[in-house]
Amino acid sequence: SQQGEEDPQALSIQEGENATMNCSYKTSINNLQWYRQNSGRGLVHLILIRSNEREKHSGRLRVTLDTSKKSSSLLITASRAADTASYFCATDAIQGAQKLVFGQGTRLTINP
Amino acid sequence: DGGITQSPKYLFRKEGQNVTLSCEQNLNHDAMYWYRQDPGQGLRLIYYSQIVNDFQKGDIAEGYSVSREKKESFPLTVTSAQKNPTAFYLCASSMLGRETGEFFGPGTRLTVL
Chain A
1 SQQGEEDPQA
11 LSIQEGENAT
21 MNCSYKTSIN
31 NLQWYRQNSG
41 RGLVHLILIR
51 SNEREKHSGR
61 LRVTLDTSKK
71 SSSLLITASR
81 AADTASYFCA
91 TDAIQGAQKL
101 VFGQGTRLTI
111 NP
Chain B
113 DGGITQSPKY
123 LFRKEGQNVT
133 LSCEQNLNHD
143 AMYWYRQDPG
153 QGLRLIYYSQ
163 IVNDFQKGDI
173 AEGYSVSREK
183 KESFPLTVTS
193 AQKNPTAFYL
203 CASSMLGRET
213 GEFFGPGTRL
223 TVL
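Residue numbers (my numbering), protein chains in the order written: chain A, 1 to 112; chain B, 113 to 225.
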């Protein structure tokens with residue numbers, strides 16, 4: 001069952017601009033995580049935000065979480081060509097075993 | 113270097129054959145996971161294991177089998193019962209009880225000819 005829904009499915013911006021991706025989910029969560037996947041590779045963990053946190057920063061990444069709306073956003077500031085990748089949100093639900101449910105992903109393209 | 117490895121990177125099999133994908137980690141992680149990814153899609157959980165000699169079905173376990181005889185290893189067998197096995201398979205591991213995220217291997221691309 002796919003819990004995360006990501007928006008947009010694809011995003012293309014110019015280098016230096018900011019990129020924002022959104023994720024919505026359905027059930028109560030312990031935390032929400034964002035991952036990056038370069039084409040044909042495994043996923044890389046970017047950032048984790050707990051259900052009692054509203055905002056978190058890591059370098060050029062900013063993640064927000066609104067549990068009342070069951071949504072999260074990932075902002076990448078001052079984008080670079082190397083940021084071109086697919087980005088996935090994943091939720092760790094409160095009920096059940098410790099396992100993640102991934103969204104469909106946002107394909108981000110940074111144009112030089 | 114600590115990490116998670118998958119082999120082979122590319123795998124071809126004839127229809128009707130079983131094939132086993134390898135996944136090994138030296139991160140001392142308790143939990144291991146297998147996901148399937150189809151083109152342009154997200155990840156779907158096949159099986160996961162939180163301790164040795166125990167594993168649970170994920171969302172799409174039919175046609176797959178796993179074993180967890182050692183903490184470091186979690187091989188996945190794609191059986192002939194899997195109707196559409198061509199996909200990208202990803203293995204991951206994580207620490208239980210700690211919110212550190214999952215570490216992923218590089219993946220195995222399986223093509224059924």
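Read the hints as simulated data drawn from the structure, not as lab findings.
We treat Cβ as the ideally placed atom computed from N, Cα and C, and that holds for glycine.
Misleading hints may appear alongside valid ones.
Computed from the model, here is a short list of chain A residues facing chain B with C-beta under 7 Å [stated by the list, open to error]: (1) His45; (2) Lys99; (3) Phe102.
**Hints violated by the structure (listed by number, smallest first)** = none
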